[in-house]
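Undergrad: Residue strings, one per chain:
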Amino acid sequence: MNWEVVIGLEIHAQLSTQSKLFSGAATSFGAEPNTNTTLVDLGMPGALPVFNKEALRMAVMFGQAVNAEIGMTSVFARKNYFYPDLPKGYQTSQMDHPIVGKGHLDITLDDGTVKRVGITRAHLEEDAGKSLHEDFQGMTGIDLNRSSTPLLEIVSEPDMRSAKEAVAYVKMIHSIVTYLGICDGNMAEGSMRCDINISLRPKGQEEFGTRTEIKNVNSFRFIERAIYTEIERQADILEDGGKITQETRLYDPDKDETRSMRSKEDANDYRYFPCPDLLPVELTQEYVDEIAANLPELPVQKAERFMSEYKLSEYDAGVLSATRAMADYFEEVAKVAGNAKLAANWVMGELSKYLNTEGKEITESAVTAEQLGGLLVRIEDNTINGKTAKNVLQSMWEGEGSADEIIEAKGLKQVTDTGAIESMIQGVLDANAAQVEQFRASDEDKQKKMIGFFMGQVMKASQGKANPGMVTPILNKLLKG
Amino acid sequence: MSLEKQDVLKIAHLARLSLDDNDAEQYQHSLTSVLDLVEQMQSVDTDGVEPLSHPLEAKQRLRDDVVTEENRREAFLANAPQTEAGLFLVPKVID
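First to last, the sequence lines map onto chains A and B. The first sequence maps to residues 0 to 480 in numbering that gives the first Met the number 0. The second sequence maps to residues 0 to 94 in numbering that gives the first Met the number 0.
Careful, some of the hints might be misleading.
What the hints assert, rightly or not - 30 Å max Cα-Cα, derived BS3-like pairs, lysine-lysine:
#1 A:K389 with A:K359
#2 A:K214 with B:K4
#3 A:K78 with B:K58
#4 B:K4 with A:K78
#5 A:K334 with A:K310
#6 A:K389 with A:K448
#7 A:K78 with A:K254
#8 A:K101 with B:K58
#9 B:K4 with A:K101
#10 A:K78 with A:K52
#11 B:K9 with A:K129
#12 A:K254 with A:K359
#13 A:K334 with A:K359
#14 A:K448 with A:K386
#15 B:K58 with A:K242
#16 B:K4 with A:K464
#17 A:K412 with A:K445
#18 A:K129 with B:K91
Just so you know, the hints here were simulated from the structure itself, not pulled from any lab data.
Produce the complete structure using the sequences and hints provided.
TA: See the structure below:
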């Protein structure tokens, strides 16, 4: 049977506020257990929440960035369930009146086609604490530092039809929230987590199949692999005539499999109701308009500017604007080097090779944007040629210093003295008298093919330091005799 | 609408309340009478009326995003029956 996969995603983005959603405790990651807590976060009776202004502003920014309706009146609701890392016995979330309503964004697929993905809603909610199941006297340890940390839960329509589309969507959300500066996007630290809803249906069928939900996947690669694995699992069941159980599953990257967490039938009954401790949040049109007017440049706009301002190709602009960190790095290199096309080539080419080999992000690059820019300046002013520059970059990557220091220390400066180049070329011609003889006896077409040989010999003799732009005319002149 | 004893026990379980048989029966009656009242209210025509999310006619006040609280872990942990390494300890839970 030919199956079509249907995917919808719920993404939790942790908002980069200083303090928590409902209390004045710090949100810093990695603090000693329970040191970032207050009476509110601990759910002490009588402790009342007060809503963080900045979290509201960030949620509205996101809504604007995905062309969504903004909830001018939004209401917090209690989602009731019992778990020790949620001491209040409910999570403060939003149900009927979320802060962000229907919106959409466009993703670009590998073949260049653009697909629109619907956003159902995005709502504010608080995170829960953390349960540590290592053995503490046979008990579970509870750390409430994360309790009441602000989250924006972004819910998509079931619009994605492949793992690739799902990953492209998550990358676009990642890109938008980091461009807006409302989330640090650090998936390894859990700042962005993803729940994947996935079902199969026979191709051509209108109605959706039974779905499963894979909880808390926290890397682009795991999202893709979890989806492939789950598609295969569901297809196997369906092809054997079985039925999919609607349930929550967990992806185990070590075994590359999903397994059941709990089935929805005996799942919690959340008994949502409006939170009596928090009043409705009302926005004015003025407030919303001001946020809209001050939105920073978004990925799509940045790519367009890279094309018009720097004359980059659509592909290059897309790659370089994919993350804010990459875009900032590129722009800094371009500024220092004074040549955007050269900067684009080196960031996407040589530098990316090093990053990929070591599995590093651009933010972890051993060579800073200023340093790379400094190297390109030396190509631009003919101090070194491109080939030498690659070697210099390797030394820079290994921490041997700036481009100028390395060029100086290794004596890599190009020879630009006409007399010196001329005598060097003469030396090469003398050493290859037979080939010179042959060259002079050949027709023009043949000569064009032979010139490469002499060029190679000259560069070899100069140890790559001769400026090719200067060698060519002198070589031509001497060869003709 | 009347609640079954089964429903009462489920509600109690969701709130992690332990009820004995007597309690359960008593709550079955009192909760049923609450639901009867709600049912009676359902007969009111509410067409075109926005559901009320809060009885106060006021809107939410906002707080500046500033860290105003300092670490009071020792005081908080002192309330807990069992702690270790700065953590609250609870009976083992496996999801």
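Undergrad: It remains to establish, for every hint, whether it holds in the given structure.
TA: To see whether the hints hold, each was checked on the structure:
no. : hint               : result
1   : A:K389 with A:K359 : holds (19 Å)
2   : A:K214 with B:K4   : violated (34 Å)
3   : A:K78 with B:K58   : holds (21 Å)
4   : B:K4 with A:K78    : holds (24 Å)
5   : A:K334 with A:K310 : holds (14 Å)
6   : A:K389 with A:K448 : holds (27 Å)
7   : A:K78 with A:K254  : violated (33 Å)
8   : A:K101 with B:K58  : holds (24 Å)
9   : B:K4 with A:K101   : violated (42 Å)
10  : A:K78 with A:K52   : holds (22 Å)
11  : B:K9 with A:K129   : holds (26 Å)
12  : A:K254 with A:K359 : holds (24 Å)
13  : A:K334 with A:K359 : holds (23 Å)
14  : A:K448 with A:K386 : holds (22 Å)
15  : B:K58 with A:K242  : violated (48 Å)
16  : B:K4 with A:K464   : violated (91 Å)
17  : A:K412 with A:K445 : violated (33 Å)
18  : A:K129 with B:K91  : holds (13 Å)
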